[in-house]
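Respectively, the protein sequence lines represent chains C and X.
Using the working numbering, you'd call the opening residue of the first sequence number -7 and step up by one each time.
Using the working numbering, you'd call the opening residue of the second sequence number 13 and step up by one each time.
Hints should not be assumed to be uniformly reliable.
Which residues of chain C face chain X? A partial, calculated answer using Cβ under 8 angstroms [what the hints assert, rightly or not]:
(1) G76
(2) R214
(3) T224
(4) A237
(5) T246
I should point out that these hints are in silico values taken from the structure, not numbers from a laboratory.
We treat Cβ as the ideally placed atom computed from N, Cα and C, and that holds for glycine.
Next come the chains, spelled out residue by residue.
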Amino acid sequence: MTPVFVSISLIALFSAMAVYTLAFIAYTLDLAKRSAPTRVAEAAVTQHRGQATALLERIAADAPVTGRSRELKVAFALTVIGWGLHVAAALFRGLAAGRVPWANMFEFSLTATAIIVGVFVFVQFWQDLRFLGAYVVAFALILLGVATVNFYVDVIPLPDALQSAWLVIHVFVATLGTAFFSLGAGLSIVQLLQARREAGRSAPRFLATLPSAEVLENLAYRLILVGFVFWTFTLIAGAIWAERAWGRYWGWDTKEVWTFIIWTIFAGYIHARATRGWRGSRSAWLAIVGFSAVMFNFTIVNLFFKGLHAYSGL
Amino acid sequence: MSSQRPSSARPSDHIDSEQPDPSIAQPKLGLSGYLRFFWRQLTSMRTALFLLLLLAFAAIPGSIVPQRSSDPNGVVLFRRNNPDLYPVLDGLKVFDTYTSPWFSAIYLLLFISLIGCVIPRARHHYLALRARPPRTPARLERLPGFSSADTAADAATVVDTAREVLRAQGYRTEVYGDSVSAERGYLRETGNLVFHTALIGVLVSVGIGGGFGYTGQRVVVEGQRFVNVLGDYDSFNPGRFFSGEALEPFRISLDSFDVDYETEVPEAFGMARNFRANVTTTEPGADPTTAQVKVNSPLDIGGTQVYLLGNGYAPTITVRNPEGDIVWTDSVPFLPQDASLTSVGVIKIPDGLSEQLGIAGFFYPTVAQLESGALVSRYPDLVDPLLTLRVYTGDLGLDEGVPRSVYVLAVDELTPIAGGGADEPALQLGIGDKVDLPNGLGTIELDGVKRFASFDIHHDPSQVWVFLFAVLVVLGLLTSLFIPRRRVWVKAVRSGDGWRIEYAALARGEDPGLERAVEELAQKHAAAIALRLNP
Chain C
-7 MTPVFVSISL
3 IALFSAMAVY
13 TLAFIAYTLD
23 LAKRSAPTRV
33 AEAAVTQHRG
43 QATALLERIA
53 ADAPVTGRSR
63 ELKVAFALTV
73 IGWGLHVAAA
83 LFRGLAAGRV
93 PWANMFEFSL
103 TATAIIVGVF
113 VFVQFWQDLR
123 FLGAYVVAFA
133 LILLGVATVN
143 FYVDVIPLPD
153 ALQSAWLVIH
163 VFVATLGTAF
173 FSLGAGLSIV
183 QLLQARREAG
193 RSAPRFLATL
203 PSAEVLENLA
213 YRLILVGFVF
223 WTFTLIAGAI
233 WAERAWGRYW
243 GWDTKEVWTF
253 IIWTIFAGYI
263 HARATRGWRG
273 SRSAWLAIVG
283 FSAVMFNFTI
293 VNLFFKGLHA
303 YSGL
Chain X
13 MSSQRPSSAR
23 PSDHIDSEQP
33 DPSIAQPKLG
43 LSGYLRFFWR
53 QLTSMRTALF
63 LLLLLAFAAI
73 PGSIVPQRSS
83 DPNGVVLFRR
93 NNPDLYPVLD
103 GLKVFDTYTS
113 PWFSAIYLLL
123 FISLIGCVIP
133 RARHHYLALR
143 ARPPRTPARL
153 ERLPGFSSAD
163 TAADAATVVD
173 TAREVLRAQG
183 YRTEVYGDSV
193 SAERGYLRET
203 GNLVFHTALI
213 GVLVSVGIGG
223 GFGYTGQRVV
233 VEGQRFVNVL
243 GDYDSFNPGR
253 FFSGEALEPF
263 RISLDSFDVD
273 YETEVPEAFG
283 MARNFRANVT
293 TTEPGADPTT
303 AQVKVNSPLD
313 IGGTQVYLLG
323 NGYAPTITVR
333 NPEGDIVWTD
343 SVPFLPQDAS
353 LTSVGVIKIP
363 DGLSEQLGIA
373 GFFYPTVAQL
383 ESGALVSRYP
393 DLVDPLLTLR
403 VYTGDLGLDE
413 GVPRSVYVLA
423 VDELTPIAGG
433 GADEPALQLG
443 IGDKVDLPNG
453 LGTIELDGVK
463 RFASFDIHHD
473 PSQVWVFLFA
483 VLVVLGLLTS
493 LFIPRRRVWV
503 KAVRSGDGWR
513 IEYAALARGE
523 DPGLERAVEE
533 LAQKHAAAIA
543 LRLNP
């Protein structure tokens, strides 16, 4: 059965990527529409007429909640369909291997992106963050592209070192944390752009239809908090596993070092939020630096740094 | 000095502290004034933030440059490849980043800053836990979540029902005249303090507790045993406060060592899996018990963990003199060099023959010949084993009292008599083969091939403490981040003939749900009043 499952998994994956591509186009069209003249006129009024500012700002900020463009609806529907295929790809990969589908770089990328898109889809029940769609889908597409072209390896049995319940827990929670950090970083990027616009400097026009920088910052903060809790748990679960597998719970292995660095950066982010003079754009930069460190840890450290976490399969 | 005391004993630059009035001129500071100034600087939020980011930054070099603690061979290699850069980096302690003075300085300062922050907050929190909710502010309109509603009830009913509703929601309440002042979420600050204190606990456990432990390594061949005494280790690293009494008396015999080889999946053909060392353990006053040591599944014995970290082959070799008497016999662990377990080993025979004999051997579990003529192993299991031996004579240097590695033969000081440039080729032996040594020295025989396991034996009494503090870290983090702390006020105000109810709240720390919470409270309160008026 293994070769059949592997084929199903790959077909599902390529279909998911095709659907994501369409979704990305639709998200971009939506953003383009938000930049269209009617909105621009509104934004222009906002900037030039002192008295009317507050009222118009409010309308603009509420816009995404009340009126969702057809493009955005299509884009989100496509995202959900693509995600279904994506999850199927991960499931069949797991069935083919007879274990969790995250034991080498290809599988990490496959499952991690599925979890990132999944968190994005489910987060909509809590807050409407559909405007991040282009960012999330593009991110997933790039990672999946690199994974299929550069990281692909055949299904092989698990080496002894990975045969542990902690593979399921430690890696899954780390990926979940990564998903929340990625959304937080996306919001922080939009927040920085929005802050530019609010300061009267040039910025993409569609920002006028998005929430204010302060609202974006609060949302980013809450997502990153969840990510931070997951990351803390990852760190501890990893230490417990390291104790079982390598005979010490902490040994400053390269991957351990970077997990620690990321934890410290986000601890800094949380403190920055509570420090006068650091709330706002400065803490947003920390969120972006933190997520960059996560990606660095996932790609560069996995592939080029020497260490005990040598499970890329490459 | 400004006598203004932050309301929550937080650092003065905390976002919830009152902003200091910039118009107040600082008086000239004396020595104690300066000390206090520096202390306040060190325990400020900005310093904590700076130290956190600096710590993250300072940890980076240790991931780029090999570390002595985790990769000593990498350091040796680095030295060979970068002879100019090495002394500079070594002077900066980059090869010991995480024990270096500069890295230690950062985290120690961070923890001093943390302690300086935690102690006053703990004191303040202790008092707050015993204090009553504060007096209701005179004007609620300016506070967040302010709303008001006319009511048919009188002030006493309003206050009484508000108190009931708030108590049911876990608030502490206090009645001041026609108003209720309520506060909840003390656990948030408790969690925050637990989180930070537990971090200190982790650091102290690692720093002090780790010193009482030890780690040691030992290679055990099938049929041999290991006794947990200092002299029986191949290598041993005691902690700073280690004493010999910490060695629990136990004995481990390796009965057999098993491996499975992948034969079904072509991409992974020959991959070794399911390493298992079957052992018999004996503790004083107990019957011997059997156990299995596997990767990811160490053996717990006498408060000590035994890990399976390596394995390989140990050919059993017998050497006889020309008369046929055994002068030497042993199973010698050969160190694996690749995935197919091509292994190298050394045999030293100082006595019993007419000359001292040094033998450097290669062992191929499944031998194959490359086009160049060189031998390799192409499969890790014992399918077609071959042992090749280069034999040397000369002074092995064992009588000088200088310690020599059992795995290294100094061939430069010896004369080859078979292989390694000698007239005779290297000796080749299959299992059961017996060949003559050159120069009529005697014979050598490969009796069989056993497996060996290399065990890591660890004892770390601080481990359990680190774990407990880590659990507290998570619990503290969860409560400090997700339990909202807020004050709520409900006030009955005269309005014409009747009464009007005013609601307001104040967040203490991050509280995105504050306004919704006040709305819900107002609804529940209205329902409670309605129930009271029309039972």
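Evaluation of the provided hints:
no.: 1; hint: G76; result: 29 angstroms, violated
no.: 2; hint: R214; result: 6 angstroms, holds
no.: 3; hint: T224; result: 6 angstroms, holds
no.: 4; hint: A237; result: 5 angstroms, holds
no.: 5; hint: T246; result: 4 angstroms, holds
Of the hints listed earlier, the one the structure fails to meet is number 1.
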